[in-house]
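Protein sequence lines, in the order shown, are assigned to chains A and B.
All residue numbers for the first sequence refer to my numbering, where the first residue is 1 and numbers rise by one.
All residue numbers for the second sequence refer to my numbering, where the first residue is 62 and numbers rise by one.
Note that these hints are calculated values from the structure, not bench results.
Since this is a predicted model, take the numbers as computed values, not measurements.
Fair warning: there could be bad hints in the mix.
To give an idea of the interface, some chain A residues facing chain B are shown, with a C-beta separation under 8 Å as derived from the structure [claimed, not checked]:
1. Met1
2. Lys3
3. His8
4. Leu13
5. Leu14
6. Leu18
7. Val26
8. Val46
Ideal placement from N, C-alpha and C gives every residue a C-beta, glycine not left out.
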Amino acid sequence: MPKLSLSHFEAALLFALLTSVVLGVVTKKTDKERLSYGLRSFGYFVGVLFGLAWLMYLGHG
Amino acid sequence: MGFHPNYIVAGPCARLKGMAETKPAARKLPSVPVATWAPVVLVAWLIPGGGHFYLKRTGRGMMLAAAITITFLFGVMMRGAMFEPMRGDLLTTIIYYGGFVADMASGVLYMLTVWLGYSQPEIAGHVHDYGTKFLVAAGLMNVLAMVDAFEIVSGRKS
């Protein structure tokens, strides 16, 4: 199995994408709702990712 | 002293009673025999997305299988550590037992990886750390898939 090296951002983005797919599939009842929820969930993940990144950056001074 | 005829017939609490009656009664779902749902949940645990394939929800099954397997494989490629049950203080016990259960929830992916001799000691570094989290997350995603399969087989979802 090849060894993989990802940056924090790449790993977190990949995690957000895969988790959003699963959340979208299992949470809602129609395909349209699933797609919408998956995209929204991914958007929230990315939003929180950038928010926390800026918070840590500013916190370090 | 004159009362409105409806007031006398229905009484002073009639409006309150009426409000209580208009509330939708809690709908009790019929229980599903264990023999019906247990094979589905077992297949869903062993094979990510398998419960959905078993119930002929092929599209959703494929998406779940792909997402969970990719998450697990990324975890292995990042050389994440597998949790093993370990006792210590409360937090250590919760983390290690919880992590072990979550790793095992990946079903056949976990079993194959362990049988093939994958053993990664815990070492410092963000990539390994993400790998460990990806392995745990794959198991937790499979738990969600199992719950979804159960809801489908019990008629709570289509």
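Hints violated by the structure (numbers, ascending): 4, 8
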